[in-house]
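Numbering of the sequence shown is given in our numbering, commencing with residue 1 and proceeding in unit increments.
Derived from the structure by calculation, the hints contain no laboratory data.
For each residue, glycine too, the CB sits at the ideal point set by N, CA and C.
It cannot be assumed that every hint is accurate.
To be verified - Ranges of calculated distance between the beta carbons of each label pair, as one might list FRET restraints:
1) Tyr181 to Asp27: 39 to 47 angstroms
2) Gln133 to Asp84: 39 to 47 angstroms
3) Tyr134 to Val205: 15 to 23 angstroms
4) Gln81 to Glu31: 19 to 27 angstroms
5) Lys60 to Glu190: 37 to 45 angstroms
6) Asp84 to Ile184: 40 to 48 angstroms
7) Leu104 to Val50: 38 to 46 angstroms
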Amino acid sequence: MDCLTILAQTAEISTERVSETQIVPVDYIWEQIITLSWLQAFIAVSFGAVYLLYGWRIFKALAVISFALLGLYAGMWVGGQFFDNVLLGSVVGLALLAVLAVPLMRWAVSILGAVAGGTLTAGLWYACKLPEQYIWAGGLVGIVAGGMISFIIFKIAVMLFTSLGGGALIVTGLLSLLYQYESIQDPPTENIKELFYNQSWFVPVLLMIS
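All chains should be built: construct the whole structure from the sequences, respecting the hints.
See below:
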């Protein structure tokens, strides 16, 4: 067996292993969407519309809520990893970041703007079917660009995080409602699920449009 054959086989095996590794938690996101009831989905769409249309007027409250949710998830991870107490970690993380967001409002909004920028560029990376194992690079570009713009022009930061937050809530609620509508058809269809799983551009494009 010559060297070229060995290299080709090695490359093929590596490609298969990479393709089997799911970096983007598509299954987890889909589970969160389909577990919503029709009422919860409707509330998500309604709140997302308020977030999107009136976010500039109430951005301080939204920033505190968003930072509190970040603290909640961070506290859950820290509590589970280091203290074996997820509940305590989530409560402490939520309260700590919610309190810090009030005096550090400009920093909080700018950080949320950077996160929104990173999410958008990571979504573009995924939509273009670029290698998932390097999606962090696409996200990092958005975080740096979004963070720099947010610190320079405060309004941009507000627009970034309120637009993305509202769009995400609307898309989540609409996908859940459409899934539930398809499930009661005779016979049931799975067009939304197929689009979600098979078309990588589907969700990022919906977020951009919203």
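* Whether the CB-CB distance between lysine 60 and glutamate 190 falls inside 37 to 45 angstroms -> At roughly 42 angstroms between Cβ atoms, glutamate 190 and lysine 60 fall inside 37 to 45 angstroms, so the hint holds.
* For aspartate 84 and isoleucine 184, compare the CB-CB distance with the range 40 to 48 angstroms and indicate the outcome. => holds (43 angstroms)
* To do: Indicate whether the distance between the beta carbons of leucine 104 and valine 50 respects the range 38 to 46 angstroms.
  => violated (25 angstroms)
* tyrosine 134 paired with valine 205, Cβ distance criterion 15 to 23 angstroms -> holds (21 angstroms)
* To do: Take a look at whether the Cβ-Cβ distance between glutamine 81 and glutamate 31 falls inside 19 to 27 angstroms.
  => holds (22 angstroms)
* Could one say that the CB atoms of tyrosine 181 and aspartate 27 fall in the range 39 to 47 angstroms? -> Given about 22 angstroms between the Cβ atoms, the range is violated.
* Asked: Is the hinted range of 39 to 47 angstroms satisfied by the C-beta distance from glutamine 133 to aspartate 84?
  -> violated (31 angstroms)
When each numbered hint is compared with the structure, violations occur for hints 1, 2, 7.
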